[in-house]
Amino acid sequence: MIIKTTKDIPASEITDPLIFKERRKIIKAMLATVFSGVGIAPALANNHNPAWATLPKSDFSTDLLTPTPAELIKNYTNYYEFAFNKQDSTSLAQKLRTDPWSIEISGEVEKPGNYYLEDILRQQTLQEHIYRFRCVEAWSMVVPWVGFSLGNLLKTVKPLSTANFVKFTAVHQPEIMPRQHNNAMLEWPYVEGLRIDEAMHPLTILAVGMYGDVLPKQNGAPLRLVVPWKYGFKSIKAIVKIELLKRPPITSWSQFAPDEYGFYSNVNPAVAHPRWSQNSERQLGSSFFTSRRQTELFNGYGEQVASLYRDMDLRHFF
Amino acid sequence: MILQVNNLRSKSIAVCLLPLLWLFVDIAFDNLGANPIQALHIRLGDWSLRFLCLTLAITPIQAITKWRGMADYRQLLGLYAFFYATLHLLAYLLVDHALVWRMVGIDIIESPYIWFGILAYIIVFLLALTSPKWAKKRMGKNWKKLHRYIYMAAVAGIIHYFWQLKGNLAEPLFYSIIVFLLLSFRVLVWVKNRQLSKMMIPRGQRALSLVDEQDVMPEAIRKRR
Ligand code: HEM
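Chains A and B, in that order, are what the protein sequence lines are.
Numbering follows the working numbering, with no gaps: position 144 of the first sequence is 144.
If you want the working numbering, it's the position in the second sequence, counting the first as 1, plus 1000.
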C-alpha cells in the first residue's frame, strides 16, 4: 500500500527502501510471470552478484540522502530515442548494443583518439557518488551512481587553452531506436554540452553504474554524464563522442525549444519553465498525502558550484 | 417501461464509477508505477476529459439516431465529468501537496497549464451547480447559454493536457480531433437551420430542429416523470 502511516521524518520522505523493494519485487515478479513482461524481467534479472560490491564514497556523497529504491530508478526514465513515454522506452532500451563500446575524444586536445571503455576504466578510479537528480519535469530522486571524475578523464587527453566548451554526443543506432529512425522531434543523435569549468568540476562525473552494478540500459549504459546541479536532460546517456570546442555547442533540447530549455539549465526554483513551475518537486517513492519537496537552487549543490556563475544573471542564462 | 429506464439509469451510474474502482484497486496493489501521484493525476484528469467528451457526443448521437431518451444521460455524464474533475483537484491539493498552501500558490501562479485546468473546472462547477431541474426552469433561456460553455471547458481541458506534456502529443491530439468534430457538428447544424429559416420553412418542420430544441428539457423525460 502506498498510503501508509507516515513516519515523521521530513528529511527522508522516501519510503523505506527495503520495504519498498521487497513489496515491489513481489508484485513485479507476479506481473512479470503474468505478462512475461519485457522491461520488467530484465530489471529483475539484475539480481546477480553486483559488479562493484564495495566502493569508496566520493567526498560529495552525502550520508544524509537516502537513495531512491532501484526499482523506481529503473522504471521511471526518459529515453526519447526509443519512445516518448517512460514504459516503452525502458523496455525498448534493452535492445541497445553496448559491447564493445569506444569513445572518441577529439577537438581542442593534445591527444585526441578513440578509447575503449575498458581502457578508460582501467585508468580511472571508480567511486560511489550519491547524488540528487532533479528532472526538468519536476520530479526527483537520489541515485547512488558508480562513476569517475570527467575532469580526470579530460586531463589525460590534455585540453588546449582554447578548449572553452565540451560537447557530448550520444549513440546513433536508428535500426533499434524508433524515434531516431523516424527523425522524430529532436535532431539526432542527442547532443549536450558544458562549459569547460563545469566539465572540470569535481562534482561532474561519468557514470558506468548505479547501486554497485552496471548501469541498466534505460538509465544510460554503458557510460553517461551526471551533472547533479543541472536538470536531468543535461546528463546525456550512452556517450560515444566527447569534443572540446572553442565555441558553445548547439544542444538538442535548446535547439528544439530555445525558450524552454537553455544551455545552462541549472536547477533553479526561481526560474519557472514557461509552462510549469520549478519551485517544487515530487520525489519518487514519496507516499500519498506528503508534500512535494522545495526545490533548491543548484539542486542543493550551491556551496560547491555557485561560484561558477558568480557574475551571471541566472534568469537570462537559464 | 419506466422501471426499465430507471434500471438502465442506475446501471449507468454504477458503470461510471468503475474507473474509480479500478483506480482504487491499482492503488491497493501498488500498481501505479514509479510516480504514483502523477499516475493518479493522469487517471482522474483523463476520465474527467473522457466524460466531458461523452457528454458532448450525446447531442449529435441523438440527432443522428433520433432517439430522444438520451438527454437524461447527458446530465449524468456531465455530472461525472464534474465528479472526476473534483477528485482530480482534491488529489492535487491533498495527495500531491498535503495542503501546503504556499507551495500550491506558487505552483499555480507559475504553471500556465494549470490555469486552463482551473478555467475548465470553474465551468464544469457552474454547470453542475445549475444542473438540477429547478435551476434549469428558473434560468430559462440563460440556462442554454450558460451550458454552451461546456465546449469551452473541453477546449480548456485539452489545452491543459497539451501544455503539461513534455513529449507525447498523440493522445491530446486524439481528444482535440474529437472535440473539433463535435463542435463542427453543432456549427453545421446551426448553419443549416439558418439556411432553412431563410427559406421560410415553418419552425416545426426544420430538418434538424431536434438538435436545437433538445437543449431545453426534452419532453420525453418531462412526460415520464
Ligand atoms: C475539468 C477540469 C480538468 C480536466 C478535464 C483536466 C484534465 C487533465 C488531463 C487530461 C490531464 C493529463 C493526463 C495525461 O497526461 O494523460 C491532466 C493533468 C493534470 N492536471 Fe488536470 N484537468 C482539469 C482540472 C485541473 C485542475 C483544476 C488542476 C489543479 C488545480 C489540475 C491539475 C493537473 C495536474 C497537476 C496534472 C498532472 C501534471 C503532471 O503530469 O504532473 N487539473 N488534467
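Because the hints were derived from the structure by calculation, they are not lab data.
Check the hints yourself; a few may be wrong.
[What the hints assert, rightly or not] Among the chain A residues that face chain B by a calculated CB cut under 7 Å, a handful are:
1) Phe289
2) Leu314
3) His316
4) Phe317
[Claimed, not checked] Partial list, computed: chain B residues near chain A (C-beta under 10 Å):
5) Leu1076
6) Leu1094
7) Ile1108
8) Ser1111
Every residue gets a Cβ at the ideal spot worked out from N, C-alpha and C, and that includes glycine.
Structure-inconsistent hints, enumerated in ascending order: Of the numbered hints, 2, 3, 4, 5 do not hold.
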